[in-house]
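Residue numbers (the numbering used here), protein chains in the order written: chain A, 1 to 208; chain B, 209 to 416; chain C, 417 to 624; chain D, 625 to 832.
In case anyone wonders, no lab produced these hints; they're calculated from the structure. For clarity, every value in this text was computed on a predicted model and none was experimentally measured. Treat the hints with care, since some could be wrong.
Pair by pair, the computed Cβ-Cβ distance ranges are [said to hold, decoys possible]: (1) 492/C with 640/D: 34 to 40 Å; (2) 822/D with 618/C: 52 to 58 Å; (3) 318/B with 10/A: 45 to 51 Å; (4) 92/A with 492/C: 56 to 62 Å; (5) 245/B with 54/A: 41 to 47 Å; (6) 437/C with 318/B: 40 to 46 Å; (7) 492/C with 685/D: 40 to 46 Å; (8) 270/B with 759/D: 41 to 47 Å; (9) 820/D with 322/B: 18 to 24 Å.
Backbone N, C-alpha and C define an ideal beta-carbon position, used for all residues, glycine too.
Number of protein chains: 4
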Amino acid sequence: MTDDAAIYRAQRFGQASGLGAAPALVIVDFVEGFTDPAHFGGGNIRDAIAATVPLLAFARTEGWPVVHTRVVYADDGSDAGVFTWKVPALKTLTEVSPLSQIVPELAPAPGEYVLRKKGASAFFGTDLAGWLAMRRVDTVAVAGCTTSGCIRATVVDSLQHNFRTICLTDCVGDRALGPHEANLFDIGQKYADLMTGAALRAAWAART
Amino acid sequence: MTDDAAIYRAQRFGQASGLGAAPALVIVDFVEGFTDPAHFGGGNIRDAIAATVPLLAFARTEGWPVVHTRVVYADDGSDAGVFTWKVPALKTLTEVSPLSQIVPELAPAPGEYVLRKKGASAFFGTDLAGWLAMRRVDTVAVAGCTTSGCIRATVVDSLQHNFRTICLTDCVGDRALGPHEANLFDIGQKYADLMTGAALRAAWAART
Amino acid sequence: MTDDAAIYRAQRFGQASGLGAAPALVIVDFVEGFTDPAHFGGGNIRDAIAATVPLLAFARTEGWPVVHTRVVYADDGSDAGVFTWKVPALKTLTEVSPLSQIVPELAPAPGEYVLRKKGASAFFGTDLAGWLAMRRVDTVAVAGCTTSGCIRATVVDSLQHNFRTICLTDCVGDRALGPHEANLFDIGQKYADLMTGAALRAAWAART
Amino acid sequence: MTDDAAIYRAQRFGQASGLGAAPALVIVDFVEGFTDPAHFGGGNIRDAIAATVPLLAFARTEGWPVVHTRVVYADDGSDAGVFTWKVPALKTLTEVSPLSQIVPELAPAPGEYVLRKKGASAFFGTDLAGWLAMRRVDTVAVAGCTTSGCIRATVVDSLQHNFRTICLTDCVGDRALGPHEANLFDIGQKYADLMTGAALRAAWAART
Chain A
1 MTDDAAIYRA QRFGQASGLG AAPALVIVDF VEGFTDPAHF GGGNIRDAIA
51 ATVPLLAFAR TEGWPVVHTR VVYADDGSDA GVFTWKVPAL KTLTEVSPLS
101 QIVPELAPAP GEYVLRKKGA SAFFGTDLAG WLAMRRVDTV AVAGCTTSGC
151 IRATVVDSLQ HNFRTICLTD CVGDRALGPH EANLFDIGQK YADLMTGAAL
201 RAAWAART
Chain B
209 MTDDAAIYRA QRFGQASGLG AAPALVIVDF VEGFTDPAHF GGGNIRDAIA
259 ATVPLLAFAR TEGWPVVHTR VVYADDGSDA GVFTWKVPAL KTLTEVSPLS
309 QIVPELAPAP GEYVLRKKGA SAFFGTDLAG WLAMRRVDTV AVAGCTTSGC
359 IRATVVDSLQ HNFRTICLTD CVGDRALGPH EANLFDIGQK YADLMTGAAL
409 RAAWAART
Chain C
417 MTDDAAIYRA QRFGQASGLG AAPALVIVDF VEGFTDPAHF GGGNIRDAIA
467 ATVPLLAFAR TEGWPVVHTR VVYADDGSDA GVFTWKVPAL KTLTEVSPLS
517 QIVPELAPAP GEYVLRKKGA SAFFGTDLAG WLAMRRVDTV AVAGCTTSGC
567 IRATVVDSLQ HNFRTICLTD CVGDRALGPH EANLFDIGQK YADLMTGAAL
617 RAAWAART
Chain D
625 MTDDAAIYRA QRFGQASGLG AAPALVIVDF VEGFTDPAHF GGGNIRDAIA
675 ATVPLLAFAR TEGWPVVHTR VVYADDGSDA GVFTWKVPAL KTLTEVSPLS
725 QIVPELAPAP GEYVLRKKGA SAFFGTDLAG WLAMRRVDTV AVAGCTTSGC
775 IRATVVDSLQ HNFRTICLTD CVGDRALGPH EANLFDIGQK YADLMTGAAL
825 RAAWAART
């Protein structure tokens, strides 16, 4: 994307929004169904889960608010929307389905917000923005999957809600690497700063 | 993206949501600043504007609700958000700036909704969803720019609001073709049906 | 409120928005905890439940989309907001609490949307607007409790989302009759048409 | 409302949410059309404007973020919603109408956010929540009119967005006093703390 990058640079896209004073960690859809290529998984998703483990531990040590999202549809399909017409397998993600359970290595701790959602964005049709505002969060660090799906949508909404947003490049994964890379490009140019989980930890440690 | 496409096919992504009974046309950010590579333009944006001209004429003939969006920030920057930290030039798009005026070949007609927005999505922080619901729209056809920016964000939100969504492949444009193509792939797999403007016109004509 | 009503009349408030072509019935928070004065109940709430029974039967016969809301907070209080500071007992309304179960005479049928909410409005932080838009609803009839709380908030949001809104005067109830009456006045002047459940059934029957 | 108040007290409504560390002042619809009983005015609205003057001066001295809202519809009525069916005169409030100009004694200063809205709530269909979150506001003090209309709706949404909310009893006004009082009762019980402008200034001064 050399030439593509040149025009973004010429137009002064891709400036940093930076790390603020009050971060939160939002982990999107790291549930069993996204670890298995027979369902929604594949690509580098398992690697991203592994990279998120030390980040979650760090967030807890630092007392950052932590959110875990799950996709959950009603058993009777009464709340299925047009998204399920495009991607019918979404309807298998019900409250008790094994596919919709958060992976054990990232199991939520008490007080962390387990947010049920039906859309791509963790903010859409939920009260996430207010949950973060109540905690006076100014920076949202995003991990999870998939980069080209719910991560992209969540990052765009996080920015639109006026949170400085950090997309953790090694803590987000996708079933296919082409879209993963393409979306990181868009995200970095327009919506969020790109950092590894380790870089975020180091930046925060250096600051405090 | 052959291999990438294979995993999406195996997981049954990319089904059609289809053309409903009541379409609207949403034209995103075809304003002067996006026609000029010295500002936000470049790539295939001018071609996309040209392709949208007959589509807009068709929508008017058929009586579809029509929306035109503009990015508009206050002169004093009082409403500038984090988006303007990532992309500082956005702040040049004020109410009276020549850069923020809709291109003359797509000038709004009376009764069409000229929607001011500050985010990427035409739905974010606006009353667009309710404007469409009031007209009992069930299908949103999206033209405009840029494919990797405000089109992508608008398409995702249109789906999340439960409108069948159609992304008009030749009526959307971007300053760079790599992101344009990559985003059309994502959009078609997950959020909207991909059609040319001519194909949409033909499908509608065949239906009625 | 004679004099009060006069100024509203002089300023031409209180016009009818009318009954459209596609109604839905939204039943707000008719759960056990609101039937008991020891928790959130009292006043005319039990009467309002009784009046809603034939309306729900009618809605089902006519095939109207039906929504039932429940207030549900997480067991660990992780999602409690400022509303629970003003009204601490809200936190008792958890997924399995007897207080948060829909009353048996209005038990949801399969396919009806059981919507969990934490705010006053059934639309806030939920996907209700899109659920209704997907069904091309143009009129929202509101039953439930309390008139001065979640009914008022839901009615205002229903109007803001551009649904014609009907507040069913005998199918909404409140723990105290002063606020019940005062809110019906405001609602009728600004946000919704006031009808009894029987009048709505008659109006619909006369129409079809 | 003695008996009414008793049941609210028994059910532990009406707790204080308190004054936080970072307030903002939101002044709702103090525009010319609401000062004139021939349009939307009457009652105690002029008194409320007068009481807001020293509060606005105080907010500026303290550096609080300040928002002024105006109701603004398009000249051609293209964006008129169902609200204008209930209250047709709303459509007279256009960008250049004298009725929609902020009263001179509360004229906005540079950097203060002049927010155009079409709904009752200042938050609905706008980016106000994100504007406040970006400034890490935790408390929203609300002045303006009318108590039974846009104040009530704004206060409810402010709470739902998880801002501690303060309704300034002498800085909010209504065309009719019955609804003014009735809404203050509801607001104090469920959504916001009730304080005079002077009491808020004193509480803030005592704190810092």
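Legend entry - Structure versus earlier hints, numbers of those that do not hold, lowest first: Hint check: 1, 3, 4, 6, 9 fail, others pass.
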